[in-house]
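Asker: In case you want the letters, here they are:
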Amino acid sequence: MRDGMGRIQHVLLIGGTSDIGRAIVASLRPSEGTVLAGRDPDALRTAASGLASAGLPNVTTCPFVAGDGRANEESLTQALQGRDVDVVIVAVGELGDQRLIEAEPSEGSRLATSTYVGGLEGSLIGSRLLASQGHGTLVVLSSVAALRPRRSNFVYGSAKAGLDFLARGLRDALRGTGVDVVLVRPGFVHSRMTEGLPAAPLAITPSAVGAQVARILARRAGGRRAAGSVVYAPPALRYVMAVLRALPGPVFRRLPL
Amino acid sequence: MTGSAPAGGSATHAGDTRMVTGWGRCTRSVAHMVQVTSVEDVSHAVTNAGVRGVVARGAGRSYGDASQNGGGSLLDLSALNQARLSSDGALVTVGAGLRLDDLMRWLLPQGLMVPVSPGTGRVTIGGMIAADVHGKNHHVDGSFGSHVASLDLIDGRGEQRRLNPEQPEFWATVGGMGLTGVITSVAFRPLRVETAYAVVNVERFARLQALMDAMREQDRRRRYTVAWLDNVGTGGPVGRGILATGDNAAIGDLDPSRMGDPLRLSQDRALTAPRTVPSGLLNRASVGTFNAAWFAWEGRPRTGEIQHLTRFFHPLDRVERWNHIYGRKGFIQYQFVVPDNAGSVVEEVLAALHRAGAPSFLTVLKRFGEGNPGPLSFPMPGWTLALDLPVAGSGLKDVLPALDRMVVEAGGRFYLAKDAHASPSSFAKGYPRLDEWRRCRDTLDPERRFVSDLARRLELVPPG
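Chains as they are written, first to last, in the numbering used here: chain L, 1329 to 1585; chain D, 142 to 605.
FYI, nobody ran anything at the bench for these hints, they're computed from the structure.
All the pointers check out, no bait thrown in.
Going by beta-carbon spacing under 8 Å, a handful of chain D positions derived as facing chain L:
#1 160
#2 168
#3 172
#4 193
#5 538
#6 562
#7 564
#8 594
#9 604
Over the 10 Å line for every Cβ pair with chain D, so calculated as not near, a few chain L residues:
#10 1355
#11 1391
#12 1398
#13 1542
#14 1576
Ideal Cβ placement from N, Cα and C applies to all residues, glycine included.
Model the full structure from these sequences, guided by the hints.
Answerer: Pasting the structure below:
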């Protein structure tokens, strides 16, 4: 339960090893506990000890494997031990290798499972948990890649576009339940996922995304929901993307994106 | 989602689903409101509570999340508002949903008064027990729970129990924030009064230390004492203060025009605050201006002034909906008590808030006498300070954890009826008998049906 100052007690991060997800948790600084959910137990343990050494109390882990919806729901419910969760962050998925996917379609279905199906399960389970307790915030990590197909990553973009669409639908479906949905669309973020790729303009770090999301959540803590349920990171991308989406195809295709 | 809010608020339950906040409007969650009209209704609502449980919500005057229950049920007992007086006039029995101001309008013409009143009459009697409220006479008369002869409680099995002060369950309920069951009826011993008035003295002080010395002194002489502090004025962080002391007026104290009708009800009409106020309106300058005006008018020194009891006890009720002036982010009422020997914490807290630039609209200082046997009852001998702190646009977030530490390290504690900020550990440190209370609570409600957002946030009722 968030207190009167908007201080957050418990956070659930689905996609517990995500650089951006962990940076958001670190910025939110939950005062009582954090649950990291994910596929790889060793990587989760490393992530948990990283957050614990940053001073966060009671960081625990639990399994979450994209595609096994029922087991995931049980696992997350059990990990929360009957406590309310104030913020659920959905940060699952992978960028994939566009060229490899085009050569090997089964790689594409693997990416779609981890990014879209995992995101969908996380968002649906998270919103159910939050709606049943009558309060809380669901943070869904989409991407600017979801807004217009680009030659270099449109398979990843298609999975994120599905998740983006889902989150916007949930936002409307959850009206009146006390649950707030915040959709985050980062641009190029320097992280494990983009390692080795040339940085795009307006590239930022995970901790910058984390700080920005924490600021938005603090602003939205009290009363009427102010503007900001769709967050671009960095904020300038909102305008860049508006222009890019409006460009005619022949012009857009010539851009080095 | 068994038994919890259906998304979109379809009416599968009796009652309605809506967003509920505390009086401070800084915490919120969605719950079902269930109107009950009889004790049987209460019992039915309790035995049919879903996984998110149930708690009674009185007038919604607790400042934080005590009368919220996200995803669960909230019982509205306003229909349980009967009152009767025993034939010898020694015992008043009232329904828990009765409001104090309505009760006072019924009692005063009969020459009776509630023995303890908080700063507002817009509370229910059930809420007064659940919070074990105190008033300006705590140093003499203790808190409200000390004047209760018996109370009726619907426990976690939906069964009615009559509790009296001989039983630990009684004291777990007094100050128990509704978490031991639903109080349906209360029998208390009223105070006999000759008139509906108080004789009031007001003194002004330039320094906090002098004010606190005067409070110790006046507590030995007067039944009612309370001080207001100006935490914003130019006289330094802890400069001005006014001390109001009083006693119930005897007929001989009244001027001849009032003698004919000494138990007349107050004719004061309340003003109403505007509903929409931008967050941050209450900045340093406006709070400073308000405090200056308040000190100039209410703080003018005088002796022997005759004030109606309603006005004397319930100064806040002169403006309806005053909680809206803090804007949409609301405000925190920060109230703590520290032992007598730690009175310096009062000054330290005021100084820290002043340094942080966090203005306080109304700051009330009061001395407590002995506490009662309630394990969660707030009062203990010492100093209690209550500050109204707007959430928006202040440096509050950074300074509150430091204040929490000062209070806890001094052996102090926080008031659950006001709390919207303590942590499970800072709360527990102030209440060493918390586990004893939990055990007693579990005997009344083994299936843990009674729960609130406050109970979850502070882990009063352990999760699971």
